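S.K.: Sequence:
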Amino acid sequence: MKQPEADPSVPPTEGAPGSPAAPGPEREINNMSHSSAEGDDVQPVDHIPHNEELPKWRLYLLTFSLGLANLLVALDTSILGSVPVPVPFPNVPGPAIPTITSEFRTLEHIGWYTSAYLLALMPFQLVLGRLVAFYEPKIFYVTSMLVFEVGSIICATSTNSPVFILGRAVAGLGAAGMTAGGFAIIGHTPMRERPRLMAFFTALQAVAYTSGPTMSGALTDSYLTWRFNFWVNLPLGFVAVVMVFLVVKRVPNPKQQLSLAHKLRRCDPLGTLLLISCLVLLFLALEWGGNVVPYSSPQVWGCFLGSGLLLVGFSVSQALKKNNGVIPVRLFKQRTVTACCIFSFLYGMANVTHITLLPTYLQTVHGISATLSGVYQLPITFSNILSTAVAGFAISAWGHYLPFLCTGPLIYLAGSVLLQQLRAGSTAAQYIGYQVPIGAGFGLAMHSSILAVQAVSLPEDMPVASVMEIFSQQLGRAVGISVAQNLFVRTLRLGLRGIVSRGDSVAFAEEGLEKMVAAMRELDAPLRDKFRVALNKAMTTSFIVPVAATAAAAVVTWFVERRTIDVSKPGKRAQQGGSGLAGSDSSTDQPLSGAVVEEEGRISREKEAGKDAAGR
1 MKQPEADPSV
11 PPTEGAPGSP
21 AAPGPEREIN
31 NMSHSSAEGD
41 DVQPVDHIPH
51 NEELPKWRLY
61 LLTFSLGLAN
71 LLVALDTSIL
81 GSVPVPVPFP
91 NVPGPAIPTI
101 TSEFRTLEHI
111 GWYTSAYLLA
121 LMPFQLVLGR
131 LVAFYEPKIF
141 YVTSMLVFEV
151 GSIICATSTN
161 SPVFILGRAV
171 AGLGAAGMTA
181 GGFAIIGHTP
191 MRERPRLMAF
201 FTALQAVAYT
211 SGPTMSGALT
221 DSYLTWRFNF
231 WVNLPLGFVA
241 VVMVFLVVKR
251 VPNPKQQLSL
261 AHKLRRCDPL
271 GTLLLISCLV
281 LLFLALEWGG
291 NVVPYSSPQV
301 WGCFLGSGLL
311 LVGFSVSQAL
321 KKNNGVIPVR
331 LFKQRTVTAC
341 CIFSFLYGMA
351 NVTHITLLPT
361 YLQTVHGISA
371 TLSGVYQLPI
381 TFSNILSTAV
391 AGFAISAWGH
401 YLPFLCTGPL
411 IYLAGSVLLQ
421 QLRAGSTAAQ
431 YIGYQVPIGA
441 GFGLAMHSSI
451 LAVQAVSLPE
461 DMPVASVMEI
471 FSQQLGRAVG
481 ISVAQNLFVR
491 TLRLGLRGIV
501 SRGDSVAFAE
511 EGLEKMVAAM
521 RELDAPLRDK
531 FRVALNKAMT
541 TSFIVPVAAT
551 AAAAVVTWFV
561 ERRTIDVSKP
571 GKRAQQGGSG
581 LAGSDSSTDQ
591 PLSGAVVEEE
601 GRISREKEAG
611 KDAAGR
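So for the sequence shown, full-length UniProt numbering puts the first residue at 1; every next one is plus one.
Hints listed in this document are in silico derivations from the structure and should not be mistaken for laboratory results. All values reported here derive from a predicted model rather than from experimental measurement. Hints may contain errors.
To be verified - SDA-like cross-link-like pairs, simulated, lysine to any residue; straight-line CA separation at most 20 Å:
no., residue 1, residue 2
1, 537, 427
2, 333, 559
3, 333, 421
4, 249, 55
5, 530, 493
6, 530, 494
7, 537, 493
8, 321, 309
9, 263, 321
10, 321, 277
11, 249, 60
12, 537, 483
13, 322, 249
14, 249, 193
15, 263, 309
16, 263, 131
17, 321, 272
18, 249, 135
19, 530, 421
20, 530, 490
21, 249, 139
22, 537, 491
As the list claims (entries may be wrong) - Computed beta-carbon distance windows for the label pairs:
no., residue 1, residue 2, range
23, 57, 250, 13 to 23 Å
24, 146, 103, 41 to 51 Å
25, 238, 296, 48 to 58 Å
26, 57, 273, 23 to 33 Å
27, 521, 146, 45 to 55 Å
Glycine is no exception: its CB is placed at the ideal position from the N, C-alpha and C atoms.
Produce the entire structure from the sequences given, and follow the hints as far as they go.
M.R.: In structure tokens, the structure reads:
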């Protein structure tokens, strides 16, 4: 039976098969490319439509503007501390927090200064990754940046702790939208340019995560005070907003004409509530355990149990919603997406342990000052930046990302094993040189995993698939530092029992870093050496976490599909006007806007489905 022709005056939406203009809720695309091992048809990366070749100057400005905004998000994540962290560890929470608590005259809300930002950032990345599909990426991104700036203003002008926490939550919500919107904009750039874009962003994140606490301390101790940590976001954010407005052209999205109620329903409010509640209880358990109360306490176990039950509820809700949930089920059926999310979780565990513990090792075991310990950690940053740049340019020229994804964890594992062998008498050449493979292994693989996810995702799924991986890494950082903390404190208590009394060993293990170092200096030389050995043992025991995590990550990479990115330059194309960052149909080589390419592909698939149904 012949399908009725669609009325061209009606904007195309997803309705009944063969009638794209039919009213009704938007229909989900269910033919997501699956693993070839499952016997499903796979859309090769080479067949993904080419996007418009941008002039070099426009591409460079786009990279700079998105990179600058991404740097602000990363700095806001690390400037006060990005994860629940044990008392003895330096740098996180950041040095600004003691000053903030003194000014607000409260210690009750310390954990929420960092958690409020993360609790808004992590789950809403996934939600907004779905919502961005209904709007123009440029408008969505700029709006999110403005929300982030409003949150920064609230933090900078806050007069009490609750207002400051509110500002952190608003900034986290804006940062979540910037992450989702940024990936949507990147999705309209040529595929062969994305490795270099992602390499630039990953390098900036590495700089932010390692330099954020140091910058925070410098600003806090200066006449600018801790508030300038947030005021600095305004001029830099303004520059980024202006550049995004000038560089990124508008790409009309037919889905914008759907009702707001329908868009919100597609964001799965129930699933979002379950996910946020799950993360709140998990963060409380990680923050209380070992810091406020023992891990064996009913409060901690109750939070873990509640978080687990909510996770089960969230999983059930996503299974029932299928492709209409916060996380489309079809993405988990894609083995590369699932493998890369697990990989990022493991890499996050390893990376945060090293970044947090290495300064502690240098300050306690070797007596190096806090400032100099930050300088001694630069090998990780520089090797990370260099390896990321090498991988980015190589993938853009070669098209193969899997070799870097598989090699990176092996190099990282070698560095983790070397650092785990450090002793109290290790030389500077050892604890500096061993950091190089850590940074190199992280830089080679981390952005390659994001490229792998983007390569196997449909254009409409690319933002949410990318933020799923970022979410996994952030969750891995939160869990990893908690596990490392537990190992550190337990091992230190056992090691100190042979040096001081049982009660004193517990007291020492619960002291902050500065008090611990000061107490060591007052001990006799033989006792001080034993103290250093006990601290070294606690540190290296915690380094088992990255060894195990990177070994598991190396195994996970073997489940990633072998794909290549089409890095060839497209042929000469017809002139196109007014579409901005555009795509082209690979079969006709006619330039079309990315939204039109997506919509026409959907209409074509629905017509084919309608013909099959009519034939049956």
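S.K.: Could you tell me whether the CB distance from residue 146 to residue 103 stays inside 41 to 51 Å?
M.R.: violated, 27 Å
S.K.: Holds or violated: residue 249 and residue 60, Cα atoms, limit 20 Å.
M.R.: Between residue 249 and residue 60 the Cα gap is close to 15 Å, so the pair holds against 20 Å.
S.K.: So the hint says 13 to 23 Å: do the beta-carbon atoms of residue 57 and residue 250 match that?
M.R.: Taking Cβ atoms as reference, residue 57 and residue 250 lie about 19 Å apart, which means the hint holds.
S.K.: Between residue 263 and residue 309, does the CA-CA distance stay at or below 20 Å?
M.R.: Violated: residue 263 and residue 309 sit about 28 Å apart, past 20 Å.
S.K.: If I claimed the Cβ atoms of residue 521 and residue 146 lie 45 to 55 Å apart, would that claim hold in this structure?
M.R.: holds, 50 Å
S.K.: Keeping to a limit of 20 Å between CA atoms, is the pair of residue 249 and residue 193 held or broken?
M.R.: Distance of about 18 Å is within 20 Å: holds.
S.K.: Given the hint that residue 530 pairs with residue 421, test it: the Cα-Cα distance must not exceed 20 Å.
M.R.: holds, 18 Å
S.K.: Within 20 Å, alpha carbon to alpha carbon, are residue 537 and residue 483?
M.R.: holds, 16 Å
S.K.: Compare the distance between the alpha carbons of residue 322 and residue 249 with 20 Å, and conclude whether the hinted pair is satisfied.
M.R.: violated, 34 Å
S.K.: Given the hinted pair residue 333 and residue 421, is their Cα-Cα distance within 20 Å?
M.R.: Since the Cα atoms of residue 333 and residue 421 sit roughly 40 Å apart, the hinted pair is violated (cutoff 20 Å).
S.K.: Is the gap between the beta carbons of residue 57 and residue 273 within 23 to 33 Å?
M.R.: violated, 45 Å
S.K.: Take the C-alpha atoms of residue 321 and residue 272, compute the straight-line distance between them, and say whether it is at most 20 Å.
M.R.: holds, 12 Å
Hints 3, 13, 15, 24, 26 from the earlier list are contradicted by this structure; the remaining hints agree with it.
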